[in-house]
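2 protein chains.
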Amino acid sequence: MIRIGIFGYGNLAKGVELAVNAAKDMELVAVFTRRDPSSVKINSVGVPVVSADDAAAWADKIDVMVICGGSATDLPKQTPELAKYFNVVDSFDNHANIPVHFKNVNESALKSGKVAVISVGWDPGMFSVSRMYASAILPDGKDYTFWGKGVSQGHSDAIRRIEGVLDAKQYTIPVEEALEAVRSGKEPELTVRQKHTRECFVVAKEGADKAKIENEIVTMPNYFADYDTTVHFISAEEMKANHSRIPHGGFVIRSGRTGVNAENQHIIEYRLKLDSNPEFTASVLAAYARAAWKLSQKGESGCMTAFDIAPKYLSEKSFDELISTML
Amino acid sequence: MIRIGIFGYGNLAKGVELAVNAAKDMELVAVFTRRDPSSVKINSVGVPVVSADDAAAWADKIDVMVICGGSATDLPKQTPELAKYFNVVDSFDNHANIPVHFKNVNESALKSGKVAVISVGWDPGMFSVSRMYASAILPDGKDYTFWGKGVSQGHSDAIRRIEGVLDAKQYTIPVEEALEAVRSGKEPELTVRQKHTRECFVVAKEGADKAKIENEIVTMPNYFADYDTTVHFISAEEMKANHSRIPHGGFVIRSGRTGVNAENQHIIEYRLKLDSNPEFTASVLAAYARAAWKLSQKGESGCMTAFDIAPKYLSEKSFDELISTML
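For the protein sequence lines, the chains are Z and P, in the order given. Taking my numbering, I'd label the letters of the first sequence as residues 49 to 375. Taking my numbering, I'd label the letters of the second sequence as residues 49 to 375.
Since the hints were made in silico from the structure, they are not lab data. Mixed in with the good hints there might be a few duds.
Because identical chains cannot be distinguished in the list, a pair is counted as satisfied if it fits within a single copy or across any two copies.
[As the list claims (entries may be wrong)] Below, computed lysine-lysine pairings styled on BS3-like, alpha-carbon distance capped at 27 Å:
| no. | residue 1 | residue 2 |
| --- | --- | --- |
| 1 | Lys258 | Lys109 |
| 2 | Lys62 | Lys190 |
| 3 | Lys159 | Lys346 |
| 4 | Lys288 | Lys234 |
| 5 | Lys365 | Lys151 |
| 6 | Lys342 | Lys190 |
Make the full structure from the sequences, and use the hints.
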């Protein structure tokens, strides 16, 4: 049994807890929190909740620590720090800062001799792997990534900060015509506006100026101004009834050519349709926690991404079973 | 530059030749044939065609040999034999016999200290990798593989053996309703007949009994009897004009669940739509030839499949470029 620790206890961590408890080869050993441990009730029976400050004392009792902090401020500190004591996995998703994060984590993990897997989830993660395989196979081609239909937490938060807004949920939606143009092999050049639309559901305070709220949303720089955005005002009850899930997903498509005169067109498409963004991301983290442990057992150390890890390490199945049933 | 040899010179080999010539980090060194070398004209200028019997003499001049024989009788002999002298890659696609092929190739490659990558292409190959990632991430779920729309060479050949048939092409077509049922997350149990239909285009000899040919096709055991099959009789001109390409493709879909009560459904779909089955397979072989060379340079040896090889080894891009542009 691979002994797993979970660092943090938000939505993502609760998904990791589910995935670890469902796996036949993993057991949850402890959950670490920066809050008062006595105030945190977890779903697993008999598993201790421990103060984050005491994590280092668990170095011998945990094989892999799955770090469930946020990418903005938590993970840049937590992952290098925890890699001093544990094999670790994180879902760092600030694409532009991955090279710096990689470097910091790598230094720490090489020093401690631990394996640190960063930036796994679905984007970065499974989408990255799909982009990489597809571009290696079809070097003469073009990549497209579409997100949605799904909830963008950042955009929902941006709306909630507008005066007069009680609650908001924003869906990112890929434009069907753009998807079809890409799938046709035409390799279109697509603007931001042509790829995605944004649909917002807003609960306004009683008496709030809805026209003003709508205008503030659709003209908001970076978040909405470059998109075709629709705004629906709904009741708090409707929000709860119809918009309480956190679905997401998207498409990675590569369109490429082969042939003496590049006459043959090939389309590689990878699609995710997820009812729960955090639970799916958590399931990827759990699979890479298994990989981190196996690679550590092989004597490997340092920082790794999904690009560095052979697929077989993610599975709980034996290699014989994999080649006889899945190859 | 990675020095590549190609063993055999059929459709697949011609695709490998194109992929190697298009790659910035590979050069084609020689093509090996069992025919009289002087009778084989290849597309690459200045590259020698050599007798297959003389291959061993090229051991020091070739970094990776891409073996383009057939799975029925060629590869079971060729791959273990050539792995004595070269890092090798093959597209062995007889799924049931992969464990035996793996064992034979592994023994040979371990003895010689070479890397041998077997069974790469799209199925086995990219479809296998997709099945493996998806099942590791969503262990509570169900896998579906659909093939097509595409030409099945085996089924086309079977029709051509019928008396009165001059030429034939058979398309395997996934049933749209079955695909939609799988994508909906219902995890249906599907019979062979419910998953695929077969469409046949046949050029009959003048005066042949078309009703008899059609009946022989649709009732043919293993090949057609278990499917809904349609037969179209066409002219030789129409065959040439409309059915001379070798398209293929298909879908790997995993439908899985997470959640305290398995209440969240997730769909992972990997789709290929290929104008040329052999050229795409060849492009996968070329990428794994690169991987074989890199792994050999790292001191690895023995037989490997797509499950054993980290994605990064397939790319001609540097690791820094990969993490800054694709992760």
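Comparing the hints with the structure gives:
1. For the identical chains of this complex, Lys258 and Lys109 are neighbours neither inside a copy (55 Å) nor across copies (74 Å), given an alpha-carbon limit of 27 Å.
2. Within a single copy, Lys62 and Lys190 get their C-alpha atoms only as close as 37 Å, which misses the 27 Å cut-off; across copies the closest is 23 Å, which meets it.
3. For the identical chains of this complex, Lys159 and Lys346 are neighbours both inside a copy (17 Å) and across copies (22 Å), given an alpha-carbon limit of 27 Å.
4. Proximity of Lys288 to Lys234 under the C-alpha cut-off of 27 Å is restricted to the inter-copy arrangement: shortest distance 26 Å between copies versus 42 Å within a copy.
5. Taking CA atoms no more than 27 Å apart as the test, Lys365 paired with Lys151 passes between copies only; the shortest distance there is 19 Å, against 32 Å inside one copy.
6. Taking the closest pair of Cα atoms, Lys342 and Lys190 come within 27 Å of each other only across two copies (25 Å); inside a single copy the shortest separation is 35 Å, beyond that limit.
The structure shown violates just one earlier hint, number 1.
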